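Residue numbers (my numbering), protein chains in the order written: chain A, 58 to 397; chain B, 342 to 591.
Worth double-checking, as some hints may not be accurate.
Claimed, not checked - Keeping only pairs whose Cα atoms sit at most 35 Å apart, straight-line, the calculated DSBU-like set for lysine-lysine is: (1) A:Lys316 to A:Lys356; (2) A:Lys383 to B:Lys547; (3) B:Lys427 to A:Lys384; (4) B:Lys566 to B:Lys468; (5) A:Lys131 to B:Lys355; (6) A:Lys384 to B:Lys409; (7) B:Lys499 to A:Lys356; (8) B:Lys499 to A:Lys219; (9) A:Lys131 to B:Lys566; (10) A:Lys270 to A:Lys79; (11) B:Lys409 to A:Lys356; (12) A:Lys316 to A:Lys193; (13) B:Lys427 to B:Lys547; (14) B:Lys426 to A:Lys312; (15) B:Lys550 to A:Lys383; (16) B:Lys523 to B:Lys355.
Quick caveat, the hints were computed from the structure, so don't treat them as lab data. In this text, all values refer to a predicted model and were calculated from it rather than measured experimentally.
The chain contents come next:
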Amino acid sequence: MGLDLRPLVEASSINITELSEKVIAIDAYNSIYQFLATIRGPTGELLANSKGSVTSHLSGLFYRNVSLLAENIKLIYVFDGEPNYLKSKEIEHRRHLKQIATEKYEAALMSGKYDDARKYSQATSILTQEMIEESKKILELLGIPIVQAKSEGEAAAAYLTKCGIAFGCASQDYDSLLFGAEKLIRNVTISGKRKIPNRNSYINIEPEIIDHKFFLSRLSLTREQLVDVGILIGTDFNPEGFPGIGPKTALKLIKEYNKLENIEKIRDRLPDVPYQEIRNIFLRPEIPEIDNISFNEIKYEQVINFLCTEKNFSIDRVTGSLDRLKKTITSRNQSLERWF
Amino acid sequence: MVFRARTRSTEEWKAVTSAISTLVDEATFEANIEGISFRGMDPSHVALIDIHWPNTTFESFECDSAVKFGVRIDELLKVIRRGEKKDSVEMSLAEDSTLLVKMHNGYRREYKMRLIESSASATPLPKLSFNTKAVLVAGSFDRILSDVNIVSEYLSIKSEASAIHFSGKGDSGEAEIVLDPKSEGLEELNVKEQSTATYSIDYLSKVTKAISTAGGSIAAEFSSKMPIRLEFRVMNLGRIHFYLAPRVQD
């Protein structure tokens with residue numbers, strides 16, 4: 058489930074208005090999974106329309122993006138392509154976790170423990186091909202450009218920041234830092250009030266930003282060394298990492314020995330880990346095709362048609378949101394950046 | 342390193358700090374032999390303040406090398422507000438990264454304020470050419486903003502060769518104030534090309550109220566659908582420029 062860099066990271070909180078006019082590359086799968094995990098009913102059931110088809114992803118993508126567009130943030134959604142074969146173990150592991158969660162979820166439902174059911178349900182989400190197509194459709198109708206990565210979405214998103222197209226990457230996972238994203242912004246698509254599981258209280262989740270250069274210089278690491286730290290902890294491509302080595306030990310080892318090959322205590326295990334290949338995935342990812350990124354007008358009529366006529370969304374809520382967005386866009390204060 | 346700057350009253354610092362406080366929470370001042378400057382934008386980059394306060398405008402000014410110091414602007418403003426109008430103000434930097442603020446005129450107040458690490462990066466200035474310039478008495482501009490604010494949050498400005506129109510339109514109605522060179526409050530009007538643009542009253546009003554307590558006049562310069570620049574002409578203060586981006590218009 059992504060790389061555990063949290064103990065090494067110092068993020069600074071950022072106000073969503075500070076992202077105004079900035080281009081943000083969003084990890085599409087990451088954010089759609091977040092929507093599927095959190096946009097659920099009281100007993101953990103996904104939102105569905107009267108025809109029984111799931112709408113949690115569309116609801117999340119629509120309302121969240123409308124509010125980000127109202128802040129004048131320019132979004133690019135980056136979709137994953139074919140996963141690298143090294144990721145199959147991680148994918149199998151995730152499938153297994155989902156299966157366990159699904160069993161627990163069903164058991165909790167049967168015994169009437171609805172709070173538990175809601176909790177377990179969050180880990181059961183499966184993203185179907187149909188949901189992906191529908192997600193792309195709503196994004197397109199909202200005028201939001203899509204980039205299709207050949208393989209890892211986060212690699213393609215990081216590339217967009219490196220070539221200056223995007224200001225930063227939005228994802229909950231820290232992998233983007235290994236892929237070299239100039240800035241990682243967390244909580245972009247989930248900021249706001251969130252319920253704490255099992256408790257009757259709420260916390261306010263705010264976006265936070267991690268600057269890649271500052272992060273590396275604070276830890277005095279090179280990018281190559283950061284990737285080695287990641288491999289020690291365990292990435293999606295070697296999820297088991299190295300036994301007994303957590304984030305802090307990993308950092309200490311790399312600082313002391315400079316690179317994986319020099320670390321005495323992993324010498325026996327290292328040959329079993331395709332570390333050169335993993336380094337290549339992070340340091341030399343393939344470059345996505347990005348010739349036609351354009352931020353388009355919102356197709357208001359078609360959004361209403363798709364969500365309300367096809368997907369049975371409440372026409373009042375959808376048109377209400379769109380009207381407010383339209384009003385904001387037409388009376389928006391521009392930023393001075395245009396004149397610099 | 343020596344930095345010590347003295348003014349004859351608290352008014353100048355009050356105007357400067359309250360103007361800056363309308364845009365940012367933390368401010369980094371730069372001092373060098375020529376004087377003190379500040380440049381910064383609000384978080385959404387809609388407005389910018391550019392201040393240069395030359396050494397000659399101070400009662401006394403000492404600074405032997407360029408130095409930056411960061412403050413929490415509302416904290417500094419609170420301190421300055423404790424001073425009375427006729428108090429002299431002396432600002433100096435101490436070795437232990439604190440800012441000393443001494444205000445006195447019979448009664449002596451001394452504050453030691455913790456400085457903050459300045460994270461601010463260099464702010465560029467917008468590149469603009471202006472087709473309209475109107476110089477207004479500060480109080481008069483403030484009154485126009487309050488008048489229009491009754492019906493709208495936005496001020497539309499339209500200039501013609503012989504008059505300047507300030508207007509606003511809202512759900513409840515419309516307001517219009519027309520000034521020509523004979524009107525009270527308009528000191529100068531220079532129109533190279535007719536211009537029309539709309540700006541947020543909130544931004545304009547906050548900064549105008551902050552600075553116009555010190556009196557003086559305001560030179561407002563703009564072009565159609567371009568940012569406006571307000572130059573606050575206050576005694577004993579060098580350059581205070583306020584830039585505001587326009588609103589998108591239908």
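Now the hints, each set against the structure:
1. Distance check on the hinted pair: Lys316 (chain A) and Lys356 (chain A) sit about 52 Å apart at the alpha-carbon level, beyond 35 Å; violated.
2. Straight-line distance between C-alpha atoms of Lys383 (chain A) and Lys547 (chain B) comes to about 27 Å, which keeps the hinted pair within the 35 Å bound.
3. A distance of roughly 49 Å separates the Cα atoms of Lys427 (chain B) and Lys384 (chain A); the hinted pair therefore is violated under the 35 Å criterion.
4. Distance check on the hinted pair: Lys566 (chain B) and Lys468 (chain B) sit about 14 Å apart at the alpha-carbon level, within 35 Å; holds.
5. For the given pair, Lys131 (chain A) sits about 38 Å from Lys355 (chain B) by alpha-carbon distance, which is inconsistent with the 35 Å threshold.
6. A C-alpha spacing of about 42 Å is found between Lys384 (chain A) and Lys409 (chain B), which places the hinted pair above 35 Å, so the restraint is violated.
7. Taking the CA atoms of Lys499 (chain B) and Lys356 (chain A), the gap is about 33 Å. The hint holds against a cut of 35 Å.
8. A threshold of 35 Å between alpha carbons decides the hint, and for Lys499 (chain B) with Lys219 (chain A) the separation of about 43 Å lies outside it, so the pair is violated.
9. For a cut-off of 35 Å, the pair hint linking Lys131 (chain A) to Lys566 (chain B) stands: about 22 Å separates their Cα positions.
10. Proximity of Lys270 (chain A) to Lys79 (chain A) is assessed by CA-CA distance (about 19 Å); at most 35 Å being required, the pair is judged to hold.
11. At roughly 49 Å between alpha-carbon atoms, Lys409 (chain B) and Lys356 (chain A) are farther apart than 35 Å, so this suggested pair is violated.
12. A C-alpha spacing of about 41 Å is found between Lys316 (chain A) and Lys193 (chain A), which places the hinted pair above 35 Å, so the restraint is violated.
13. Taking the CA atoms of Lys427 (chain B) and Lys547 (chain B), the gap is near 24 Å; set against the 35 Å cutoff, the hint holds.
14. Taking the CA atoms of Lys426 (chain B) and Lys312 (chain A), the gap is about 58 Å. The hint is violated against a cut of 35 Å.
15. Between Lys550 (chain B) and Lys383 (chain A) the alpha-carbon distance is near 32 Å, which keeps this suggested pair within the 35 Å criterion.
16. A C-alpha spacing of about 33 Å is found between Lys523 (chain B) and Lys355 (chain B), which places the hinted pair at or below 35 Å, so the restraint holds.
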